[in-house]
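Student: Could you put together the complete structure from these sequences and hints?
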Amino acid sequence: MNFVALQMLIGDRAKYLGLIFAVAFSTFLMSHQSSIFAGIMNRTTSQIKDIRDANIWVMDPKTQYFDEVKALTDDDVYRVRGVEGVEWAVPLFKGLPRAKAFDGNFRVVIMMGVDDATLVGAPRDMVLGSPEDLRQPNAVLVDRVGYEFFFPKQPYALGKTLELNDHRVTIQGIFNSSAPFQNLPVFYARYSQAMTYVGRERNLLSFVLVKTQPGIGDGEICRRISAATGLHAATASDFGWQTIRYYIAHTGIPVNFGITIAIALVVGTIVAGQTFYIFTLENLKQFGALKAIGVTNWRITGMILQQALMVGAIGYSIGIAMTATFFEVTKANLDLRGFVLFWQIAAGTGAVVLFIVMAASLMSIRRVLVLEPAIVFRG
Amino acid sequence: MTHTVQTMTHPAVVCRRVTKSFGAGENQVRVLRGVDLDVPFGEMTLLVGPSGCGKTTLLSVVAGLLNANSGEVMVLGEDASRMSGGDAVQFRRRNIGFVFQQYNLLPALTAAENAAVPLFAAGVPKKKAVAAASGLLSQLGLGERLHALPSQLSGGQQQRVALARALVHEPRLVVCDEPTSALDHETGNAVMELLTRVAVRPDRAVVVVTHDSRVFQFADRIAHMDDGRIVDTSGAAGLQPAQTMLTQTKLAGVN
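For the record, the sequence lines run as chains D and F. Per the working numbering: the first sequence ends with 379, consecutive numbering throughout. Per the working numbering: the second sequence ends with 634, consecutive numbering throughout.
Simulated from the structure, these hints should not be mistaken for lab results. Among the clues, some could well be false.
Stated by the list, open to error - Partner residues aside, some chain F positions facing chain D, computed with beta carbon under 10 Å: (1) 393; (2) 480; (3) 497; (4) 505; (5) 507; (6) 562.
What the hints assert, rightly or not - For lysine-lysine, the following DSSO-like pairs were computed, each having C-alpha atoms within a straight-line distance of at most 30 Å: (7) F:505 - D:62; (8) F:505 - D:285; (9) D:94 - D:70.
Note that CB positions come from ideal geometry on N, CA and C, so glycine has one too.
Tutor: Next comes the structure, spelled out in structure tokens:
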């Protein structure tokens, strides 16, 4: 009867294609929007992810997320270094100066100031130049977005100059950065230099980066640092999730995406359900004949579920392929970098599609189960 | 299931004082009011009567699609009223073939595949089932139309496919509901001839519900129904022209 079930479905080409389209569209919309949402949330942690040398971030307890920082005192670095289990601790500065090219083009940029001595936190994914080049006078490293903004259509080359808040800086390296949430160019300089590119305040230290000694758990070190200094310490991963949670709780982003995803789910279910039900109604006499001939209710239920699963599988495959293709085609676009189809989203969308087709088939199953086979006599 | 099947010395179907009602209270409609009927093996029995006399309801009860409210219904030696739902479905699948007025073929299956549906339902592999159905369709004159869809077949051809579907699993009882009402005279005759030639066997009974007096000539036995009861049973060969006229008059609803 599996063959019969599939033939009944495929035989009605209009409804078959309509069902597949409904599921494919729903799949595409849900997976695409979920991926964009996840990508945007991921972007809020870009600078945290890009710093791979340290595993613990120390900050003021009032700092809620990466983009808004309450400054620490310079002494805090030494206090953290004094905590047992800390292998080393270095300062990290984050600011938002304005960079200007000599043609007048300007943009606010994310300025990261890394420890002068060790350059811990400097980017590792270099396109041109080396992190060591930060030791040169007035040196900055810029990401590709920044370079292409200030020097459009020009080949990558070192030695070009920009103005950072009335200070001349020289580009000594170009790197690949993870796309930041605000989509601003990212600059790196030595800590001592970076502080001069922003307005002077009493305290400018943003974070202390920590590497733990081997054999001691990250959680234990965080607890020790907090106990010893009163500062908040978190692993890079935890700080990243802390940042994401802030954006989820304090912006309309999740609501907007959530609405779109919910609409895709509801519309997909309704359209698929309606089409399925109409398909069943039009085949009611045939189902009645099958019941009369001796096909059990269980078997007929199985046939309808088989049809639903087939539609779901094909529609899901098409929808996911569309999403994956979109991100593959756009991955070369710098502004869209970092947006990918996460496997968790693909799997989650699959589960939702399974729900959609099961829900869509329920009404049909019920209609056929209550059908009296005797109605096939005299139609 | 351990029910024993009766030998062919006993009727294929035995109904005694069968009643069937629908609805309840003031809205209750008593459709069968104590039906007594025997359907022997090896014969085609017609159920005739005016519209609303209960022919189709009786057919549904005999086929196991409806349960009688009271009375005895023995089908192929089994007490139909004592079968559980699952047993009844299995019994139908193995022992009963159906020919419907509107054919009820699956539009997406070919003629051979439609005829093979009872074998699919019984778990027979597709290739084997379609081969068996194709052989039967060839006997019924559709050997060249095996791969045609129902939409590509005439009414008579579709009814022949339905007939093949009713016979492919070698049932011992075939029930037909108005098999010729959607067909013209010539085609209807052809279908009835096939039904008589292929379906009627010593080990099989055929029951046909019909309005169509042209079909009487094919019957071995005619049971007249009126107002929910069998009022007369006769062998069709024994019907005199006057009696045939009386039968036709009754069908017209004129007493």
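Student: Please go over all the hints and tell whether each is borne out by the structure.
Tutor: Here's how the hints hold up against the structure:
1. 393: violated (21 Å)
2. 480: Result: holds, 6 Å to nearest chain D Cβ.
3. 497: Because about 5 Å separates residue 497 of chain F from the closest Cβ in chain D, which is inside the 10 Å limit, the hint holds.
4. 505: Given a least distance of 6 Å, the restraint on residue 505 of chain F holds.
5. 507: violated (13 Å)
6. 562: Status violated, d = 15 Å.
7. F:505 - D:62: Given pair residue 505 of chain F, residue 62 of chain D is violated - Cα atoms ~72 Å apart, limit 30 Å.
8. F:505 - D:285: Judged against 30 Å, a Cα distance of about 23 Å means the pair holds.
9. D:94 - D:70: With Cα atoms ~11 Å apart, residue 94 of chain D and residue 70 of chain D stay inside 30 Å; holds.
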